[in-house]
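Q: Residue strings, one per chain:
Number of protein chains: 2
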Amino acid sequence: MGGLGEIAFIADYLAPLATHPAALGLKDDTALLTKLPANGLVITADALVAGVHFFEDDDPGDAAYKALATNVSDLAAKAAKPLGYTLALALAKAPTREWAERFAGGLSRAQHQFGIALLGGDTVTARGSWWMSITAFGEASPRGLIPRGGAKPGDCLYVSGTLGDAALGLKLRLGNAGFGQTLSPENRAFLLKRYLYPEPRLALSQALAHHASAAMDISDGLALDLSRMCDASQVSAEVEVASIPLSAAASAAAAAFPGAIETILSGGDDYEILAAVPSGHCVAFETASKEAGVRVTKIGVVAAGAGALAFLNPDGTALALDAKGFEHFTG
Amino acid sequence: MGGLGEIAFIADYLAPLATHPAALGLKDDTALLTKLPANGLVITADALVAGVHFFEDDDPGDAAYKALATNVSDLAAKAAKPLGYTLALALAKAPTREWAERFAGGLSRAQHQFGIALLGGDTVTARGSWWMSITAFGEASPRGLIPRGGAKPGDCLYVSGTLGDAALGLKLRLGNAGFGQTLSPENRAFLLKRYLYPEPRLALSQALAHHASAAMDISDGLALDLSRMCDASQVSAEVEVASIPLSAAASAAAAAFPGAIETILSGGDDYEILAAVPSGHCVAFETASKEAGVRVTKIGVVAAGAGALAFLNPDGTALALDAKGFEHFTG
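Protein chains in written order, with the numbering used here: chain A, 479 to 809; chain B, 479 to 809.
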């Protein structure tokens with residue numbers, strides 16, 4: 479059986495995802511967004527490449543879900559409500575109907591989960607691994623963006639969910655996890671799922687909009703992303719390593735293999751939210767987060783002076799990190 | 479000398495391109511567009527892959543210019559005024575400073591030419607050839623979009639500029655042009671330049687907004703793109719082949735090699751505008767285009783009945799086209 483042509487692929491699999499009126503059913507050359515959000519349009523772009531951000535043998539629906547989730551995670555960190563997205567998809571050869579169904583199925587699940595719809599895009603020929611490039615749009619909160627650079631000395635630092643699961647899941651996938659043999663099947667499955675299925679914390683939107691001085695999503699590891707927040711805010715930070723929230727699976731991995739903590743702090747792919755909250759707002763932020771059904775954990779404090787970042791062990795010594803985090807290309 | 483790291487590449491070469499206030503200097507995780515166009519936001523997405531849409535050995539600045547120009551061409555066809563764009567850039571390895579300068583220089587020239595600015599984006603590792611994925615935004619005209627599907631029987635069909643130059647230039651690049659040896663150096667240079675430097679017809683915006691019933695840019699060849707306009711409009715079309723506007727270089731190629739006409743009609747990469755104009759508006763459309771400094775040529779008429787597309791020779795016979803145009807992947 480030959481592959482699907484571009485026209486059939488778009489008509490049969492992508493057009494049903496274009497449920498927003500701005501998409502014009504993918505029947506024109508552009509989208510037209512006429513109902514514009516009152517407080518502004520938040521725009522973010524993230525691309526995922528097979529063999530880099532997911533595995534070549536991952537289900538295309540899982541990869542598509544992850545691509546949309548990583549974009550929506552940026553909207554969530556800025557307290558924006560998802561609206562729509564464009565997708566450029568590059569494939570080395572024409573897809574089969576089975577591939578197209580899986581791919582569109584993953585996007586469809588993500589769309590329903592996040593309340594977002596396809597607005598337009600492009601399909602091209604890849605020279606190498608297949609990839610997806612998404613630009614996502616959200617409605618700004620009345621406050622506008624929650625900035626990356628708004629953290630002030632004295633603010634408390636919070637993270638949502640648990641950290642390190644996806645990075646540990648990636649190590650399991652790569653087969654080079656020192657802790658791999660010691661984990662229960664349930665813990666292995668949990669970590670692998672966290673690598674493929676980021677959970678954008680859209681429910682935190684109100685809590686962030688009302689209480690956070692700075693926020694961003696953690697995509698390249700807490701160590702690197704916190705250093706970015708500190709740089710942008712011209713502040714320092716102290717993090718209590720013992721307070722980093724860990725899943726049962728990550729705790730088991732850390733207990734079996736001390737080196738796991740470095741993976742947890744700098745491995746990336748968390749897609750949890752890092753927020754700085756003024757001390758007078760901390761109780762209210764915790765309450766609002768709890769009401770929103772999202773776990774948040776205080777992990778440290780913001781300090782004066784630019785750029786110093788300390789991860790403190792329970793005995794007061796600083797943890798030395800070999801690798802700060804994931805840079806997309808390095809010199 | 480090692481390559482540039484991601485942070486230096488963004489700070490030194492991309493941030494200077496982010497001149498729109500919505501970009502926040504590329505210092506946050508998202509852009510925030512607070513001043514929204516009154517008549518709506520036009521959104522389009524086009525990706526370009528080295529080895530597919532341009533040559534691996536093309537200057538990165540030329541490739542970047544082309545990537546932005548192909549996106550702006552879609553805005554121009556919809557009578558939208560360029561506003562901003564996101565860029566996902568994938569490189570197999572860290573760029574040198576020389577590469578980064580050339581790349582950013584091409585984007586900068588295109589930005590100045592088209593009045594558009596970088597709003598945000600992503601830099602990732604490519605697995606294979608390097609590529610760019612752009613989503614561009616424009617301010618809708620008071621009329622909204624000029625639709626692809628608005629052509630009516632009796633409308634005149636117009637194209638801007640001259641057709642086929644880029645497709646003939648591509649044949650020259652590939653070294654398989656039957657006409658290659660017969661062309662003057664000036665004609666060769668002209669066709670090669672037209673392949674690399676599309677000219678989005680932004681100046682036609684007012685003429686299109688006031689007079690066109692349908693419009694789109696010609697990116698995959700007149701034959702295929704006109705068939706798309708006819709399908710969307712549920713009409714047919716008759717085109718007089720002798721009326722297709724040709725550059726001196728394309729005329730020379732067609733005179734030397736009769737097969738060139740097929741390349742001209744179905745080769746793609748024109749980035750000229752195809753418009754349907756009601757007969758009562760044709761004079762006004764021609765006048766407005768002339769005032770805008772853009773050549774437009776009547777090439778045929780829209781007829782009743784869906785889907786029939788005829789390219790008529792001067793003797794009244796129909797030209798048979800082997801290939802309708804460029805599909806991005808075929809079954």
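Simulated from the structure, these hints should not be mistaken for laboratory data. Because the structure is a prediction, the values reported are computed rather than measured. We treat Cβ as the ideally placed atom computed from N, Cα and C, and that holds for glycine. Careful: at least some of the hints might be erroneous.
Simulated crosslink set (DSS-like; lysine-lysine; CA at most 25 Å straight-line) [as the list claims (entries may be wrong)]:
no. : chain 1 : residue 1 : chain 2 : residue 2
1   : A       : K513      : B       : K671
2   : A       : K559      : B       : K768
3   : B       : K513      : B       : K559
4   : A       : K513      : B       : K630
Derived list of chain B stretches under chain A, where covered just means 3 residues or more per stretch with a C-beta under 8 Å from a C-beta of chain A [unchecked claim]:
no. : segment
5   : 527-533
6   : 592-602
Q: Hint by hint, say whether it matches the structure.
A: Going through the hints against the structure:
For the suggested pair A:K513 and B:K671, the alpha carbons sit about 40 Å apart, so the restraint of at most 25 Å is broken. The hinted pair formed by A:K559 and B:K768 fails the criterion: a straight-line CA distance of about 45 Å is larger than 25 Å. Restraint check for B:K513 and B:K559: the C-alpha separation of about 14 Å stays at or below 25 Å, so the hint holds. Taking the CA atoms of A:K513 and B:K630, the gap is near 28 Å; set against the 25 Å cutoff, the hint is violated.
Under a criterion of three residues with beta carbons nearer than 8 Å to beta carbons of chain A, the stated coverage of the segment 527-533 of chain B is upheld, 5 such residues being counted. Residues of the segment 592-602 of chain B with a Cβ under 8 Å from some Cβ of chain A number 6, which satisfies the need for three, so the listed coverage holds.
In summary, the numbered hints that this structure violates are 1, 2 and 4.
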